[in-house]
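A.B. asks: The primary structure of each chain is shown beneath.
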Amino acid sequence: MIQSDLFGKLTLSAFKHNAIEMGASISMVLMVIAAVTFLTYKKLWKWLFTEWLCSLDPKKIGVMYLFVAGLMLLKGLIDAAMLRAQQVLSVGDSYGYLSEGHFQQIFTAHGTLMIFFVGMGIIFTLFNLVVPLQIGARDVAFPFLNAVSFWLFFAGFLLLNTSLMIGEFSEAGWVGYSPLTESKYNPGVGVDYWIWSIQIAGIGSLLSGVNFFVTIIRMRCPGMTFMKMPIFVWTVLATTVLILFAFPILTVTLGLLSFDRMFDTHFFTTGSGGNPMMYVNLFWAWGHPEVYILILPAFGIFSEVVPVFSQKKLFGYTSMVWAIAAITVLSFIVWLHHFFTMGASPNVNAFFGAMTMLIAIPTGVKIFNWLFTMLRGRIRLTTPMLWFLGFVGTFTIGGMSGVLLSIAPFDFQAHNSLFLVAHFHNVIIGGVVFGFFAGFTYWFPKFTGFKLNETLGVYAFWCWLIGFCLAFFPLYILGLMGATRRLSHYDAGLGWQPYFIIAAVGVVVIFAGFGFQVLQILYSIKDRKNNLDTSGDPWNGRTLEWSIASPPPLYNFAIEPNVDSIDAFYEMKQKGDLNKHPHYEDIHMPKDSPVGFLVGALMFTFGFAIIWQIIWLVLISFIATVALVIKHLCYDDTEYTITASELEKTESKRNT
Amino acid sequence: MTTDHLKHETENYNKTVFGFWVYLMTDCLLFGTLFVTYFVLQHSTFGGPSGKEIFSLPFILTETVVLLLSSFTCGISGISVNHHDKGRVIGLYLITFLLGATFVGMELYEFTELVKEGYSWKRSAFLSSYFTLVATHGFHVSMGLIWIAVMIFQIYFKGLTWIVHKRLTCLRLFWHFLDVVWIFIFTFVYLMGAS
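As they're listed, the protein sequences go chains G and A.
Reading the first sequence from the start, the letters are residues 1 to 656 in our numbering.
Reading the second sequence from the start, the letters are residues 1 to 195 in our numbering.
Any given hint might turn out to be false.
Incomplete in silico selection of chain G near chain A, CB under 7 angstroms [as the list claims (entries may be wrong)]:
hint: 1; residue: V210
hint: 2; residue: V214
hint: 3; residue: P248
hint: 4; residue: R261
hint: 5; residue: M262
hint: 6; residue: T265
hint: 7; residue: F267
By construction, these hints were calculated from the structure, which means they are not laboratory data.
For glycine and all other residues, C-beta sits at the position ideal for the given N, C-alpha and C.
With the rest of the complex left out, here is chain G (with noise of 0.2 angstroms):
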């Protein structure tokens, strides 16, 4: 009894697992001790709390969402590389090397931390690190919100790992259908751990767009109109609005999952009058424009990328806004097209189908203008532009496999099939991976102050493609020849094993380019006194973020850029028009706060009460964040100020 009471469901069985998973979280619990011996020999917990827990600077926060989504996409690599195994060798008498409990485990999490933390980390990473410099702006609106979200989404993160090594993860799948995913046929914590995790980390990307949103909305450099901001600024603006509309749909819909686990409600159950179909539906009213919130940042990456290294001005910069913009509304009206096998009538599903297709057309119209853009351009094929040109074909093939599925009868053959997976992996991966990469090379410069190897980035680029290639297209054949996807056991007669064994070789190189990445960033490291960037302006840019130092100041900017056309610095670079007499004001700046890290850290042990049901500290830790932020909202003195003649001091010390 005292024992339930003090630590609720939590038992020492929750410790035990098999070899597999033991060895996963050794290596875990290894990993983190290692990180602590490092800054404890280093000396390094005094900086690491004040330069960066502390911080409220969104160029820390992006690297720091960098950061997460780099280890996140490790595992989510690691993960797939084990699908992969035991697909390859559980047929017919063999039964591979994973249990059927740990696989399902395995592509849940796969599939949550590769939209969560992965798409969702690295989209904000470059929100936080490119749109205050491209609408020359200093911060963005709400600097303490911009932080408190990024430790909810660190929180998230945190509890996904803890269920590694304390219980289970949810066996469910990423999408967590019920009545699946109700306590009478999951009564464990592993889908507690899946809602929570997103709950939490969603909660996080909800302020966010709040923020990001008003950021664009108020806080532009004068002169810059709506259609004179960069086409990444434009993505990113869509993507707030789709974030603002969509993720209160995933709040309610998974605040409902666990009214239906802790408090016996009958919202999405089989019986008592629940109905499972609206947990569907309401799931992908948020998962359809989540698409599009990862998709449309990496469009806006290729609108910055191709213009700059064709040297020549976008082609069809009018065009490209409206087919955002009609992107962004038509993302509203598909969801369906998830589950035409629901059995609607045939008129939805045509609508929906139609629909579907119809948001083909304003992706084609990008595709074009990015490829007319490039025509009778001076184009320099650096590791972006490889990027991008994998992206074109890739995603053009994806995008037709989709065109393909949202024709209802065929969907209904090829539905949950492995054709499906290799639709979305290819969209996915050749265009938000592609196109991060793509971004990540091409702004390297600007925080790091130096470039990145182009020879191992050319490397990693023909590995990713080439193993991408290999690991998805026979998974369209599997499809079509009826494997379903999830699929942890086969009969050997199918012959469907040589396609699984090339798809594994294939995430065998996509390992290697992941590899050569890293070794990519630590070999520039090690040599970057060979690529310094001591203009500002590596690539003869085109927008604002080239005209100041890298990595730029605090404050970004010493003075207010004022802006009259679309490619504001390359004008300015024309007209030889830039200011070479400033005249200095005083900047307001927002000072650094601890709050946000321990909102995250509060955040994070209501999470872990509430999923093994710790009563007391659930409402201990719930009590504490509610004070927490009152006390530091009622706080008035939250900004200083950098003084003109400091400003001077500063800035003509860096151009002498």
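Chain G is fixed; fit chain A onto it per the hints.
C.D. replies: Below, chain A without anything else, positioned relative to chain G:
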């Protein structure tokens, strides 16, 4: 106060109020989703009671009047803020707080009565969605009450500085927003459910 400083404060004020509007719109979607769930499930009574059998309209009307009155006192406090009448602002917020607390109290009473009669959220999908929708509104009002209490202390100790003024504007927006949501609950859940 320099003009530069004044400009900075005005910008800050406008930005925060706009941001709060945007937040309220996301909250509006949150309620929208709960309303949709309610509409889908309102007839899934599963042998339990329907709205007609459990809603007592006179009681709900009283609740509604109490909440609308609180919105009125909260609204006119805005005029007193502009007149820098600190005492009256505090007085009006105290009244708002009491009315809001009465509203939450009445709602809790309604819920306890229902649970006592065996009509809790566990009984049917209709009751699950009803309790969740109404209680989410009630939770928002309770958070608003904490906010009002904190602001009363701030006005008392800090006076009506521009930063307190900014927070009061957001608070009033929040309180009126909850009123609007309640109007929808009153109409779609209670009036249409009881007819």
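A.B. asks: Please go over all the hints and tell whether each is borne out by the structure.
C.D. replies: Cross-check of the supplied hints:
For V210 (chain G), the suggested interface contact is upheld, since its CB lies about 5 angstroms from the closest CB of chain A, less than 7 angstroms. Annotation: V214 (chain G) was flagged as interfacial toward chain A, and the flag holds, the nearest CB pair being 4 angstroms apart, inside 7 angstroms. The criterion of a C-beta within 7 angstroms of any C-beta in chain A is met by P248 (chain G), whose closest approach is roughly 4 angstroms, and the hint holds. The closest approach between the C-beta of R261 (chain G) and any C-beta of chain A is roughly 12 angstroms, which is over the 7 angstroms cut-off, so the hint fails.
Because the beta carbon of M262 (chain G) sits about 11 angstroms from the nearest beta carbon in chain A, more than 7 angstroms, this interface hint is broken. Because the closest C-beta pair between T265 (chain G) and chain A is about 4 angstroms apart, less than 7 angstroms, the hint holds. For the restraint placing F267 (chain G) at the interface with chain A, the shortest Cβ-Cβ distance is roughly 6 angstroms, inside the 7 angstroms limit, so the hint holds.
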